[in-house]
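Sequence order for the protein chains is A and B. Using the working numbering, the final residue of the first sequence is 278, and nothing's skipped along the way. Using the working numbering, the final residue of the second sequence is 393, and nothing's skipped along the way.
Just so you know, the hints here were simulated from the structure itself, not pulled from any lab data. Just so we're clear, the structure is a prediction, and the values are computed from it rather than from any experiment. Beta carbons are placed, not taken as given, at the ideal position from N, Cα and C, and that holds for glycine.
FRET-style restraints, in silico, Cβ to Cβ:
# : chain 1 : residue 1 : chain 2 : residue 2 : range
1 : B       : Asp257    : A       : Asp174    : 47 to 55 Å
2 : A       : Asp140    : B       : Asp165    : 49 to 57 Å
3 : B       : Gly366    : A       : Pro126    : 43 to 51 Å
4 : B       : Ala243    : A       : Gly47     : 27 to 35 Å
5 : A       : Gly129    : B       : Glu296    : 36 to 44 Å
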Amino acid sequence: MARNEQTGIRAARWYVPYLLLLPGIAWLGAFFIVPMASMFQTSLDGGLGNYSTVIADNSEVIRRTFVFAATATLTCIAIGYPLAYFIATRGGRYKNVLLALVVLPFFVTYLVRTLAWKVLLFDGGPVVGILQDVGILGPDEGLLNTDIGVIGALTYNFLPFMVLPIYVSLEKIDRRLLEAGSDLYASPFRAFRKVTLPLSLPGVFAGTLLTFIPIAGDFVNADLLGSDQQTMIGNIIERNFGQEFFRPELSALSFMLMAVILVAVLVYARLLGTEEIA
Amino acid sequence: MRPCASSRRLVVPQLAVQRSSRRRFLGQSAVLVGGIALGPGLLAACGDDDESGGGGGGGSLAMLNWPLYIEDDDPSTSPTIIGFEEATGISIDYRAEIDGNESFYEKYGPDLEAGRGIGFDLVVLTAWKAAQMIEAGQVQAFDDANFPNKANVIASQASTDYDPDRQYSIPWAIGQTAFAYYPEKTGRELTSAADMFDPAFAGKVTILDEMRDAVGLTLLGMGEDPSTASLDQMLAAVDRIAAAREDGQFRDVTGNDYTEDLQLGDTWIAMAWSGDIASLKADNPDLEGLEYFVPEEGAMSFVDNAMVPIGAANKANAEKFLDHVYDPAVAGPLYESINYVPPVEGALDNMSEEARNSPFINPPAGAKLYEFRILTPEEDEELNRAFVAATQQ
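With these hints in hand, go ahead and build the complete structure from the sequences.
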């Protein structure tokens, strides 16, 4: 009897979770699903040929976009992992201060931060001057309007999104596992490789998603710091959407970008084997 | 600070009016967003409590224009705007946010195509885009009773192919597209539009991403007339640009932001809009070495037109403001300040001697200025596709 009563209560309230989900579903429906469906419909105006045309016309831009995104993401890992590791293991009582320093530049808007790079990197500016003096750049070379300038700015702008998740995953590692490792005669490097690294991979995975995806769709850095030789997919869409006849192809380009990212993320999740997230 | 009740009073009736109309849901929300966007302007206006007339007179007006098209680029100190607000009690929410004809249409085109308002009562777009919008029925005819000074439009602009009686559009500013350069860096004086393709300047030249400006000046350099050139000639000019880009001739293909690299000195030669260079030199006296130059073949001329878009909530106020600007006594100082050719007859008489002699404001008789031929939609698409492939992909 008690059991019946219990199921009775459960049955009466089966809809409660759905009610709670309703605002979220309505929001997603109105502002994600509907625009997506409309964009997909636009991308088919004039047939599936839009997809092949836009990929053929922009093959160089598409290749460049993913090279930029991959390079900037890897650079983020290369800079962000040691930084997060240092803060998590050696930060001591300064941990919060150091984390605040990582986030501090983000109190200034994205656009202004990027424009500030322009002032730093211009041909007659301090950075180029120093690099020319030490011989890294030739006398006629600069950083603005180069691949390196744009990739550098992308790395800078998205670095905290890499540092923070890696920090969180390193922070929650149980130190006793490392002690146990060294008790079993593992060298510090071996203990890092066998214990710390695998346990921090979910952080690297999350950080990669948070950097790679927005970088692949970014247009601000290439627009402000690059030239026509650094055009990314985002720039092509941003500059040409005003022309009515381009819209079907640009919608197709957006969908292609999304599809490639989705596939890349799935493959990446499979390779890294982080069941927790994927 | 006192609470600003008047702004609420002004916004709410506007929404109430919209609610009673038969717009569809999305149309209403677009207007709602427009109303919210208008809010800050009204709030700013109430700070000084300078709103005269309560119910009958007064009101508001939202205008969307290009940068550097009003005194000092600052609506809060612009004599043209303040003079109008004081005379009529109508407050203006003026935004200098148009960055390009395409980017404008990217943002507002879908609403205009659907026949909805865009939250602005007055917008300014270049002739070819104005022509397309008039053709598509996206702008409203002026009520001449509110705009008697329309008769002051200069003779050369009183009638155009796209608007024979100036019913829908009136020039806000007329300018030239030519070049700015540092003679010191190029090491020689430039004379021809074709100089932008000189390999000696590889990597130091910027061209504009406005197709008509870039293709037009290239055509002039090739000895063609952009106001009559055939599509094939235009496509040949695009090929010329593509080949130069392939060879690394251009530092960048830019929009409004070309002035930044030019100011930093990274660009030696820039395809440039006349008024920009005049303002740039006026604001930065240390840019002495920068010269504006009109090629011997001539320069491109552009006319930016003010229009009332469909769905505008304050059409009459927009017309009254244009009437104010078309008063030669107002136009004189305005165009002297922004350094563009005044489209208003008699404006030159209300300027200083120096301004009257400026080639930016009063191009010498015999100056060869070309307007790009108005293209058919098919030509427009083909040429644009070629230009995008040549400059972006």
